[in-house]
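**Q** Sequence:
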Amino acid sequence: MNKRQIQKQFTREKIIRAAKQIFIEKGIINTATSQIAEAAGIAHGTLFLHFPNKDSLVIELLDVELAKFSDKIKQLIIETTDIDTILKQYLDLIQAEEGFFSSLARELPNYKNELRRKILFRESLIREHFHQVIENGIEQKIYADIDIASTLNFLFGTINYYLSLKTSFVQQGSVIEKFRDQIIDIFMKILEKTKG
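As numbered in my numbering, residues 21 to 216 make up the sequence shown, in order.
FYI, nobody ran anything at the bench for these hints, they're computed from the structure.
Hints may contain errors.
What the hints assert, rightly or not - Keeping only pairs whose Cα atoms sit at most 25 Å apart, straight-line, the calculated SDA-like set for lysine to any residue is:
hint, residue 1, residue 2
1, Lys34, Glu80
2, Lys88, His149
3, Lys88, Phe141
4, Lys132, His70
5, Lys161, Tyr110
6, Lys92, Ala169
7, Lys92, Asn180
8, Lys88, Gly119
9, Lys88, Lys138
10, Lys94, Lys108
11, Lys46, Lys138
12, Lys209, Thr100
13, Lys46, Ile139
14, Lys108, Ser170
15, Lys46, Ala87
16, Lys108, Leu172
17, Lys209, Ser144
18, Lys94, Leu113
19, Lys138, Asn180
20, Lys88, Ile146
21, Lys213, Thr100
22, Lys209, Glu143
23, Lys92, Asn156
24, Lys34, Lys74
25, Lys34, Ile49
26, Lys46, His70
27, Lys74, Leu128
28, Lys209, Phe199
29, Lys161, Glu148
30, Lys213, Thr105
31, Lys92, Phe176
32, Lys34, Asn22
33, Lys88, Asp104
34, Lys94, Gly177
35, Lys209, Gln109
36, Lys213, Arg200
37, Lys94, Asp205
38, Lys46, Leu135
39, Lys108, Ala87
Take these sequences, add in the hints, and give me the full structure.
**A** Okay, structure coming up:
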């Protein structure tokens, strides 16, 4: 990479960091690209050299965040097939970036169809990792023979429910931390094979 390419990459990363912080504070819908540019310390027009519109910036930020999740979950799956461990780690990852994901979950119904579709597609990539582990567990007779898609809809729906209504459940701190044990306990009971 030459000096110009390095500078361009640095500016792009600076924009993404600034956008993430403002999205957490103000929400994605209420954030103007001019505010992101100002927070990044760049001219408003410079932002559009990197991202043609705010939606493309949201998708890039989401890709960056979910890539971290996906890589960590893939590594976990290599290390363990224990869904309890994987779910705990996943909740840790969500909690570490809870401000961003809470804003995303809260505003998702109000996004344009195209943006909403892209966001949901990216979430489906994470679901696929869970699906793989549960499917393997069912084949090995570790877990009950359940409808995996419905079970994952329940899990991700529950997590998104708490994230989207975070301020209704906690005034300060983490909503994931508050409901973590409950989420894990119910999910593991769904997977549990009945005795007998």
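**Q** Take the C-alpha atoms of Lys46 and Ala87, compute the straight-line distance between them, and say whether it is at most 25 Å.
**A** 24 Å, holds
**Q** Given the hinted pair Lys88 and Ile146, is their Cα-Cα distance within 25 Å?
**A** 11 Å, holds
**Q** Mind checking the alpha carbons of Lys213 and Arg200 for me, to see if they're no more than 25 Å apart?
**A** This hinted pair holds, its Cα atoms lying about 22 Å apart.
**Q** Could you grab the alpha-carbon distance between Lys88 and Asp104 and see if it respects the 25 Å cut-off?
**A** 20 Å, holds
**Q** Is the straight-line distance between the alpha-carbon of Lys161 and that of Tyr110 25 Å or less?
**A** 24 Å, holds
**Q** Given the proposed pairing of Lys213 with Thr100, does the C-alpha separation stay at or below 25 Å?
**A** 20 Å, holds
**Q** Within 25 Å, alpha carbon to alpha carbon, are Lys209 and Glu143?
**A** 24 Å, holds
**Q** For Lys88 and Phe141, compute the direct alpha-carbon distance and say whether it is at most 25 Å.
**A** 16 Å, holds
**Q** Checking one constraint from the list: CA of Lys138 to CA of Asn180, max 25 Å. Satisfied?
**A** Holds, at roughly 16 Å.
**Q** Is Lys92 close enough to Ala169, meaning Cα to Cα at most 25 Å?
**A** 22 Å, holds
**Q** Run the distance test for Lys209 versus Ser144: straight-line Cα separation, threshold 25 Å.
**A** Holds, at about 23 Å.
**Q** Does the alpha-carbon distance linking Lys94 and Gly177 stay inside the 25 Å limit?
**A** Roughly 22 Å separates the two Cα atoms, so the pair holds.
Violated hints: none; the structure is consistent with every hint.
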